[in-house]
Amino acid sequence: MNNLVQVKNIKKNYGKNEAVKGISFNIKEDEILGLLGPNGSGKTTTIGMLLGLLKPTSGEIFINGQKLEGNRIEILEQINFISPYIELPKKLTVKQNLIVYGKLYKVDNIIERIEFLSEKLRLEELLNSITGELSSGQKNRVSLAKALINEPKVLLLDEPTASLDPEVGDFVRSFLEDYKKEKKISILLASHNMNEVTRLCKSILMMKDGIIIDEGNPEELINKHGRKNLEEVFLKLSRSKNELD
Amino acid sequence: MYGLFLRHFYLITRSFPRVLDLVYWPTIQITLWGFISNFFATHTTYYNNAVGVILTCAILYDFLFRTSIGFNMLFLEEIWSRNFTNLFIAPMKIGEILTSLVVTALIRALIGLIPAVLLTSPLFGISILDLGIFLFFLFLSLYLFGITLGILVSAGLLRYGPSFENIAWSTMFLLAPFGCIYYPIEILPEMFQKIAYLLPLVYIFEEARNILINQTVDIQNIYYAFMWNAVYFVLSIALFYYSFNVAKNKGTLINMGE
Numbered sequence: 001m002n003n004l005v006q007v008k009n010i011k012k013n014y015g016k017n018e019a020v021k022g023i024s025f026n027i028k029e030d031e032i033l034g035l036l037g038p039n040g041s042g043k044t045t046t047i048g049m050l051l052g053l054l055k056p057t058s059g060e061i062f063i064n065g066q067k068l069e070g071n072r073i074e075i076l077e078q079i080n081f082i083s084p085y086i087e088l089p090k091k092l093t094v095k096q097n098l099i100v101y102g103k104l105y106k107v108d109n110i111i112e113r114i115e116f117l118s119e120k121l122r123l124e125e126l127l128n129s130i131t132g133e134l135s136s137g138q139k140n141r142v143s144l145a146k147a148l149i150n151e152p153k154v155l156l157l158d159e160p161t162a163s164l165d166p167e168v169g170d171f172v173r174s175f176l177e178d179y180k181k182e183k184k185i186s187i188l189l190a191s192h193n194m195n196e197v198t199r200l201c202k203s204i205l206m207m208k209d210g211i212i213i214d215e216g217n218p219e220e221l222i223n224k225h226g227r228k229n230l231e232e233v234f235l236k237l238s239r240s241k242n243e244l245d
Numbered sequence: 001m002y003g004l005f006l007r008h009f010y011l012i013t014r015s016f017p018r019v020l021d022l023v024y025w026p027t028i029q030i031t032l033w034g035f036i037s038n039f040f041a042t043h044t045t046y047y048n049n050a051v052g053v054i055l056t057c058a059i060l061y062d063f064l065f066r067t068s069i070g071f072n073m074l075f076l077e078e079i080w081s082r083n084f085t086n087l088f089i090a091p092m093k094i095g096e097i098l099t100s101l102v103v104t105a106l107i108r109a110l111i112g113l114i115p116a117v118l119l120t121s122p123l124f125g126i127s128i129l130d131l132g133i134f135l136f137f138l139f140l141s142l143y144l145f146g147i148t149l150g151i152l153v154s155a156g157l158l159r160y161g162p163s164f165e166n167i168a169w170s171t172m173f174l175l176a177p178f179g180c181i182y183y184p185i186e187i188l189p190e191m192f193q194k195i196a197y198l199l200p201l202v203y204i205f206e207e208a209r210n211i212l213i214n215q216t217v218d219i220q221n222i223y224y225a226f227m228w229n230a231v232y233f234v235l236s237i238a239l240f241y242y243s244f245n246v247a248k249n250k251g252t253l254i255n256m257g258e
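These protein sequence lines are chains R and A, in that order.
For the first sequence, the working numbering gives the first residue as 1, with consecutive numbering after it.
For the second sequence, the working numbering gives the first residue as 1, with consecutive numbering after it.
No lab work stands behind these hints: they were computed from the structure.
One thing to keep in mind: the hints can contain errors.
[Claimed, not checked] Computed list of lysine-lysine pairs in BS3-like fashion (alpha-carbon distance at most 25 Å, straight line):
| id | chain 1 | residue 1 | chain 2 | residue 2 |
| --- | --- | --- | --- | --- |
| 1 | R | K228 | R | K202 |
| 2 | R | K202 | R | K181 |
| 3 | R | K67 | R | K8 |
| 4 | R | K153 | R | K183 |
| 5 | R | K8 | R | K153 |
| 6 | R | K8 | A | K194 |
| 7 | R | K55 | A | K250 |
| 8 | R | K180 | R | K95 |
| 9 | A | K93 | R | K67 |
| 10 | R | K120 | R | K21 |
| 11 | R | K120 | R | K153 |
| 12 | R | K55 | A | K194 |
| 13 | R | K67 | R | K11 |
| 14 | A | K194 | R | K153 |
| 15 | R | K153 | R | K180 |
| 16 | R | K28 | R | K202 |
| 17 | A | K250 | R | K21 |
| 18 | R | K103 | A | K250 |
| 19 | R | K8 | R | K228 |
| 20 | R | K153 | R | K184 |
| 21 | R | K55 | R | K21 |
| 22 | R | K95 | R | K183 |
| 23 | R | K16 | A | K93 |
| 24 | R | K67 | A | K194 |
| 25 | R | K11 | A | K250 |
| 26 | R | K28 | R | K11 |
| 27 | R | K21 | R | K236 |
| 28 | R | K8 | R | K21 |
| 29 | R | K106 | A | K93 |
Pulled out of the complex, with its shape left as it was, chain R reads as follows:
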C-alpha cells in the first residue's frame, strides 16, 4: 500500500530548545498510526509541522506524494485536523459552520456532504442548533464532521475523544474505524487513551524528548517490554532513559 504521509528526518528548534530532533515515519493508506508520548515529547509540534502551521528547522514532509513546502494549499485541501483545543465558531449554527468550512475547503456539493455526514455522525437533529450550546459529545461530533467535510485523504487527530463519556467515545472510535476502512484514508492519532490506541492502531510511535524511542504494533510492544498492557509500556518508556540511547 502507498505511503500517504512520508516524514523524513524533521527537526524543529525553538531557539536553543530542540522540540523535535530528527524523526522519520510513514503512514500508509488505510492505516491509523498512533503517536504516543508524555507532555512535551514533541507530538503537537510534529502535528503542527504536518499541518503547515510550523516550519520544520530541517527535513521534509510529503503528503500524497507532494512535498509540503511549496505546495501548502494543495496539500491542505487533502488533509484535516481535530483537537479539543480548537473549536468552531460558537455563535453559528452547526449547519452554518459546516457550510462555511465546506466553502473554505471548496467542497462541490456542500449540502449533500453535510447530509451524508449528519446521518453518519447522528447530527440531523442538531443542524440548526447553536454550536456553542451543544454538549461536549455533540461538539466533538460536529468537529469530526468539519474535519471530514473535504473528504480528507489524511486525518490528524489530537486527543479526539478527550473529555467524552464512554458511550460517545466508543461511537467516535467505531465511526473512525469504519470510515477509515471505507475511504482508505490515513489517520495519525495522538492520544493519551491507551485503550483507544490499542483498539484503533496497528502501528504506534512512542515519542519522548523530541525523538521516537520505540515503535511497533501494540502487541509487539507489550511483549517486547514484558508488560500487561500498553499503558504499562507507556509508563515504562516515559520514566526510563531513551531506549535508543
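Starting from the known structure of chain R, arrange chain A on it as the hints suggest.
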C-alpha cells in the same frame, strides 16, 4: 474567500446585539458631534460658513475608526472563539484571507455608518454629500488607511499572539492627534506637524475642511493622501507576510487558540 466572508456574515446576522453595537456607537458619536458642531458654528467665526465641518470630519473619522477596529475585530473574533487554527489549516492563501477580511470590514463599517449619516440631515440639516464627488475619494482613502492599520495590528497579533490585543484597541487613539481631524495642522507644534505630514490623515481632513470652508478643491491633498496610503498599505502587507513566517517558525499559529 467567500467562506470566510460567510462566517462573519452569519455571525452578524445571527446576533441582534452585534448589529446594535455596530450602529450604536457611530450614531452616538455623530449625534454628540452634531450638537458640538452646532454650538461652534454659532459661537466662532472660523466655522461661520460651514456649519457641518466638525460633524463631517467626525463622520469621516468614525468611518476610519470603524474600518480599522472592524478589521481587528474580525481577526480577534477568530482568536476568542478558538477557531484561529481551523482557519489557518484551511486551504486559503494569505491574500485570500486578507481580501475576505477587507471586504467584510467594509460591510461592517457601512452598517454602522449609513444609519448615522442618515441621521445628520433631519437632526442637524447637514449632508455629508456636500463634499461632492470628492467625498468618494476621501472615503476611499480613509478606508485604505483603516484597513492598513487593521493589517498592521493583525500582523502584530500573528507575531506576538493575543497579548498584542491591547495595541489593537489603542492604535487609532495614538494616531488621532496627528490626524488633525477637528483642527487645522497649524495648531500642532512644529515637530508634531512633521510627523503629521507623514500620515495620509492630515491631507484627508485638511481637504475635507478646504472643500467645505473655501469651496475649492486641492487635488494635491488627495494625491498625497493616496501616495502615503499606498506606501503604508504595501508595508503592512509585507509585514503581515513576514509575521506569518515568523509565526510559523515560533509556533504562534498552533498555540493561538489555547
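Hints and how they fare:
1. For the suggested pair K228/R and K202/R, the alpha carbons sit about 17 Å apart, so the restraint of at most 25 Å is met.
2. Of the pairs offered as hints, the one joining K202/R and K181/R holds, with about 13 Å between alpha carbons and a cut-off of 25 Å not exceeded.
3. With a CA separation close to 11 Å, the supplied pair K67/R and K8/R stays within the 25 Å bound.
4. A C-alpha spacing of about 8 Å is found between K153/R and K183/R, which places the hinted pair at or below 25 Å, so the restraint holds.
5. At most 25 Å may separate the alpha-carbon atoms for a hinted pair to count; K8/R and K153/R meet this at roughly 19 Å.
6. Restraint check for K8/R and K194/A: not satisfied, since their Cα atoms lie roughly 55 Å apart, outside the 25 Å limit.
7. The suggested pairing of K55/R with K250/A holds, with an alpha-carbon distance near 9 Å, which does not exceed 25 Å.
8. Restraint check for K180/R and K95/R: satisfied, since their Cα atoms lie roughly 24 Å apart, inside the 25 Å limit.
9. For a cut-off of 25 Å, the pair hint linking K93/A to K67/R stands: about 17 Å separates their Cα positions.
10. Of the pairs offered as hints, the one joining K120/R and K21/R is violated, with about 40 Å between alpha carbons and a cut-off of 25 Å exceeded.
11. A threshold of 25 Å between alpha carbons decides the hint, and for K120/R with K153/R the separation of about 18 Å falls inside it, so the pair holds.
12. For the proposed pair K55/R and K194/A, the alpha carbon gap of about 42 Å is over 25 Å, so the pair is violated.
13. Taking the CA atoms of K67/R and K11/R, the gap is about 16 Å. The hint holds against a cut of 25 Å.
14. A threshold of 25 Å between alpha carbons decides the hint, and for K194/A with K153/R the separation of about 58 Å lies outside it, so the pair is violated.
15. For the hint linking K153/R to K180/R, the alpha-carbon distance of about 10 Å falls within 25 Å, and the restraint holds.
16. Proximity of K28/R to K202/R is assessed by CA-CA distance (about 11 Å); at most 25 Å being required, the pair is judged to hold.
17. Proximity of K250/A to K21/R is assessed by CA-CA distance (about 16 Å); at most 25 Å being required, the pair is judged to hold.
18. For the proposed pair K103/R and K250/A, the alpha carbon gap of about 29 Å is over 25 Å, so the pair is violated.
19. At roughly 33 Å between alpha-carbon atoms, K8/R and K228/R are farther apart than 25 Å, so this suggested pair is violated.
20. Of the pairs offered as hints, the one joining K153/R and K184/R holds, with about 8 Å between alpha carbons and a cut-off of 25 Å not exceeded.
21. Restraint check for K55/R and K21/R: the C-alpha separation of about 14 Å stays at or below 25 Å, so the hint holds.
22. Between K95/R and K183/R, the direct Cα distance comes to roughly 23 Å. Compliance with the 25 Å bound is thereby established for this hinted pair.
23. For the hint linking K16/R to K93/A, the alpha-carbon distance of about 31 Å lies beyond 25 Å, and the restraint is violated.
24. For the hint linking K67/R to K194/A, the alpha-carbon distance of about 50 Å lies beyond 25 Å, and the restraint is violated.
25. A C-alpha spacing of about 13 Å is found between K11/R and K250/A, which places the hinted pair at or below 25 Å, so the restraint holds.
26. At roughly 22 Å between alpha-carbon atoms, K28/R and K11/R fall within 25 Å of each other, so this suggested pair holds.
27. Of the supplied pair hints, the one linking K21/R and K236/R holds, its CA atoms being roughly 21 Å apart against a limit of 25 Å.
28. Only pairs whose Cα atoms come within 25 Å are accepted, and K8/R paired with K21/R is accepted, the gap being roughly 12 Å.
29. For the hint linking K106/R to K93/A, the alpha-carbon distance of about 13 Å falls within 25 Å, and the restraint holds.
This entry does not satisfy hints 6, 10, 12, 14, 18, 19, 23, 24, going by the numbered hints stated previously.
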